[in-house]
Amino acid sequence: MTGNDIVDMRVAATESNWRRKGFLEKIFSLQEQEYIKDSCAPDEMVWKLWTMKESAYKAYTRQFGGRFYTPQKFSCTVLSATTGLVVFNNIYYQTNTITTKNYIYSIARPAGVENPDLINSYFYLPQTHYYKTQSFIYKKIIACYNSVTGQIKKNLAVVKDKNGIPFLSCGIDLQVPVSITHHGQFAAFTIH
Amino acid sequence: MTNEALIEKLKEIVKPYVKNEEGFNNLNENTDFLSDLKINSANLVDVILDIETEFDILIDNDSMEKMLNVKAAMEIINTKLAEK
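So the protein sequences, as listed, match chains A and B.
For the first sequence, position 179 (counting from the first letter as 1) is numbered 179 according to the numbering used here, and the numbering increases by one without interruption.
For the second sequence, position 26 (counting from the first letter as 1) is numbered 1026 according to the numbering used here, and the numbering increases by one without interruption.
Among the hints, erroneous ones may be present.
Said to hold, decoys possible - Just some of the chain B residues that point at chain A, by a computed CB distance under 8 Å:
#: 1; residue: Asn1040
#: 2; residue: Ser1041
#: 3; residue: Ala1042
#: 4; residue: Asn1043
#: 5; residue: Leu1044
#: 6; residue: Val1045
#: 7; residue: Ile1048
#: 8; residue: Leu1049
#: 9; residue: Asn1061
#: 10; residue: Met1064
#: 11; residue: Glu1065
#: 12; residue: Leu1068
#: 13; residue: Thr1079
For the record, the hints were derived by calculation from the structure and aren't laboratory data.
Being a predicted model, the structure only gives us computed values, none of them experimental.
Note that beta-carbon positions come from the ideal geometry of N, C-alpha and C, so glycine has one too.
Bound-form chain A, shown alone (with noise of 0.2 Å):
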């Protein structure tokens, strides 16, 4: 069960002004608000936290389901400049981040499981315009998959669930837990 989420840095910049009354408050423990005053690249560690919370949350919701808007409540500790450890609900995710100046990339997956993902991408994005964008996603992950498992192209779709939560659908019987992520220019997927 994992769960990843991606920042375009100069998005988040022009999309978003964290330093905004409240903004810190509502999202991040006091702790967390910490992190972002004692850190010398605080942009980089507001989106480093939030794409901790936000991948733990997808990885959450696709094994326990439901839907909901509780940032502040995936309390986040950071363990080193890449790995983390979020939690909710008495549930512990390790998380991973990748960080550049050009975007920040975090997966979570649960505390403890050695699991590795089958495959793991992240790229750069051609257009900005959300259908476009998901077509050329799936189109990129069907084509991944295709090229590791050998499963021909046509007999694969990418599909959501009633709560939006993606799978790799492969003929009748087998679906595939697929994550995917984008924000601006950049996107990632990991199929578990």
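Following the hints, complete the assembly by docking chain B onto the known chain A.
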């Protein structure tokens, strides 16, 4: 405030964050902020903060949890206004 007036106010509030114009043009009680309007989930905080300012109310964490669609937002705003 009538439901129509409330929806109009909500439309003004969400407008800067909407990524799907078609969803915005058809905005109604059943519209979902994320799946229909394609509002970025980080911008949902901005929507909530703007609602707080516009209606001079405080949206607590329990209310925020449900703030995913127009209907829930209307219910929360009406409840908070009635408590004033």
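Now the hints, each set against the structure:
Checking B:Asn1040 against chain A by beta carbon gives a least distance of about 6 Å; that is within 8 Å, so the hint holds. This hint holds: B:Ser1041 has a C-beta 7 Å from the nearest C-beta of chain A, less than the 8 Å allowed. This hint holds: B:Ala1042 has a C-beta 5 Å from the nearest C-beta of chain A, less than the 8 Å allowed. Because the beta carbon of B:Asn1043 sits about 6 Å from the nearest beta carbon in chain A, less than 8 Å, this interface hint is met.
At about 6 Å, the closest approach between the beta carbon of B:Leu1044 and any beta carbon in chain A falls short of 8 Å, and the interface hint on this residue holds. The beta carbon of B:Val1045 comes within 5 Å of a beta carbon in chain A, closer than 8 Å, and the hint placing it at the interface holds. A cut of 8 Å between beta carbons decides the hint on B:Ile1048: the least distance to chain A is about 7 Å, and the hint holds. The beta carbon of B:Leu1049 is positioned within 8 Å of a beta carbon in chain A (closest approach about 5 Å), and the interface hint is therefore held.
Contact between B:Asn1061 and chain A, as hinted, is supported at the beta carbon level, the nearest pair being about 6 Å apart and thus within 8 Å. With its C-beta approaching chain A no nearer than about 6 Å, B:Met1064 sits inside the 8 Å limit, and its interface hint holds. Interface restraint check for B:Glu1065: the shortest CB-CB distance to chain A comes to about 5 Å, inside 8 Å, so the restraint holds. For B:Leu1068, the interface hint holds, since its Cβ comes within 8 Å of a Cβ in chain A; the closest pair sits about 6 Å apart.
Checking B:Thr1079 against chain A by beta carbon gives a least distance of about 17 Å; that is not within 8 Å, so the hint is violated.
The structure is inconsistent with hint 13 alone, although it conforms to all the rest.
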